[in-house]
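Q: Since chain A is already given, all that's left is putting chain B on it; use the hints.
2 protein chains.
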Amino acid sequence: MYPIIVKAIDWVNGRVRWLNTNLLPHQEVYEESDNHEHVARAIEGMEIRGAPAIGVAAALAVAAAVVNASTERVDELRSIALKAIERLSRTRPTAYNLFWALERIKSVVLIQYVDAESFRKAVVEEALKIYREDIETNIRIGEIGEKLINDDDVILTHCNAGALATSAFGTALAVIRVAWYKGKKIRVIATETRPLLQGARLTVWELKKEGIPVTLITDNMVGYVMYKGLVNKVIVGADRILLDGHVINKIGTYTIAIAAKRHGIPFYVAAPTSTIDVKSKLSDVKIEERSVDEVKRVLNKVLITVEDVEALNPAFDITSPDLVTGIVTEKGIVTPPYLENIRKILIS
Amino acid sequence: MYPIIVKAIDWVNGRVRWLNTNLLPHQEVYEESDNHEHVARAIEGMEIRGAPAIGVAAALAVAAAVVNASTERVDELRSIALKAIERLSRTRPTAYNLFWALERIKSVVLIQYVDAESFRKAVVEEALKIYREDIETNIRIGEIGEKLINDDDVILTHCNAGALATSAFGTALAVIRVAWYKGKKIRVIATETRPLLQGARLTVWELKKEGIPVTLITDNMVGYVMYKGLVNKVIVGADRILLDGHVINKIGTYTIAIAAKRHGIPFYVAAPTSTIDVKSKLSDVKIEERSVDEVKRVLNKVLITVEDVEALNPAFDITSPDLVTGIVTEKGIVTPPYLENIRKILIS
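Those protein sequence lines, which keep their order, are chains A and B. Heads up, the first sequence stops at 1130 in the numbering used here, and the numbers go up one at a time, no gaps. Heads up, the second sequence stops at 1130 in the numbering used here, and the numbers go up one at a time, no gaps.
Next up, chain A with everything else stripped away, as it sits in the complex:
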């Protein structure tokens, strides 16, 4: 129905295959492994990034570990699976889809099985189901969210909530894609997204691949482009959404949301319901702090400051519900009051 321009995550002959997003946009290199430790390190090192992609890759990594284990004893396979789940759950603390996907795999792992074959089959099937659902969910998010987009819209997006952040198709960029496929005349403004430049490296790359017009700005131009009337909608992804509508997403999202509010520009979040954390309170949310070298050096190459300066590197920030116009999920668009309406959509 829609073209799949790139598969960031895939399952090939019992192995996980992923596009190493760190090498984009200059090199398109795919990695493959049946080793969950290898996948865990790819997630930590951000070869695989984006909340849905992390969840799917982790699920497939457990499946690969089970498929390729050399034992035929169910209890040993279960132990291998649980160890893999434990290891993968320690890769990154903020993206909720990781825990959601591993929880789904774990519930399958804990069932009783008559033999190793049926255990393996069940785990692989659940992982593949998570994988396929992710693609279907993204397409659905695109189709639902597309209704928010009008001809001549200029849509600002942050970081990469695209094909490269999911199994395929994307979340925020799914909305943009479907609008584009339907012939709407739209343009995108992509923030470069320091420190790791996912906007400049990934969003620009995947939009240009499809011919969707995109203009790159630095993160600090957000206020300027809004002031100048160069943007009329914002759509971003999410790493975790709380029941009360707090949105945890890539560092910089909150600042964009504040600026959008001042200019009366709608601020939308696009994410699958698997990003919604129904358990945590705001105070429970752990914001990952990454190495400050990511700030002090650009792409591990150019030192841009004094070697021994202190720096901060929170990977995410928290956008308050009052700044969020709507959340586009595969089940529909949720608007305030969030506490009530997120609950409603989850049980719908």
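Source of the hints: derived by calculation from the structure; they are not laboratory data. A few of these clues could be false.
Since the list gives no way to pick one copy over another, a pair counts as held whenever it fits inside one copy or between any two copies.
Straight-line alpha carbon distances no greater than 30 Å define the calculated BS3-like cross-link-like pairs of lysine-lysine that follow [to be verified]:
no.	residue 1	residue 2
1	Lys888	Lys1063
2	Lys1083	Lys991
3	Lys1061	Lys1010
4	Lys1068	Lys1010
A: Chain B in isolation, oriented as in the chain A frame:
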């Protein structure tokens, strides 16, 4: 009275001497020239940057042109000076101090003189007066602004409004310096300031040189640090201030001001009255658009995106008066209503 840690601009034996800020923080290289074209290119290429530094350097460049001209005819010297003024005025369109300083030199150039010696003397004296006044003005800004700073303040600043943006001492950083010298326990958060990274390269360098504690963040962390309560004051410089209180400053300033407003954090601008443009309306202000290569490449080295992507590169943005808590000048702190109070301070 206060230590002068670095002289970004100087006058040495009839020549302009400047620190090439493009090479900081890794190399501290001084350039010297008596050729106004050479200085003009150093301003365009941002070896010399920051509104007050540009103004002083331009004035000294005209003086150097006059001092080193090989004619003894006043009309020829005048013609040389006017050509230099014209060329220097085309270097950068936004920083008001450039036009203010060249206007001062021009008024001296246009007077009648009995001989070349008195012409040369008058021009050099006016340029040196502008230079010395800049340092005195900055110290005064520091002493006046310092009263706004309390023990344990954490002050966010953007770009570099320091010694490296002026003849010496700085504007926003003068306030921070004087507070520090008076023993106030303060810390600074410096935004890296893409695309040219003046925060990471220059502000960090000069603050560390004096031992003032500084933490580097990316531009998109501004909302986060405010949300987390890690900042309680903002002080920035200005490239042009309109009578109604609009502040034109380095791209990103406006976004910071919006975020500060949301968090109830005072947002101060520190600038000499020579930055105040009493003639222009908002619609007259030209925002310099620089090469998009500055955005697509980091420090002319690493290509961070797809080669042929469209990009924007406005060097400045405009902060609305409702976001500005106060403007610290050498004549006092101006608060709203600006139209009334800026006029008052100018005639005081």
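Q: Confirm or reject each hint.
A: Hint check results:
When the C-alpha separation of lysine 888 and lysine 1063 is checked against a cutoff of 30 Å, the pair qualifies only within one copy, where the shortest distance is 24 Å, while the shortest distance between copies is 65 Å. For the identical chains of this complex, lysine 1083 and lysine 991 are neighbours both inside a copy (26 Å) and across copies (24 Å), given an alpha-carbon limit of 30 Å. Taking CA atoms no more than 30 Å apart as the test, lysine 1061 paired with lysine 1010 passes between copies only; the shortest distance there is 22 Å, against 41 Å inside one copy. Taking CA atoms no more than 30 Å apart as the test, lysine 1068 paired with lysine 1010 passes between copies only; the shortest distance there is 13 Å, against 36 Å inside one copy.
Violated hints: none; the structure is consistent with every hint.
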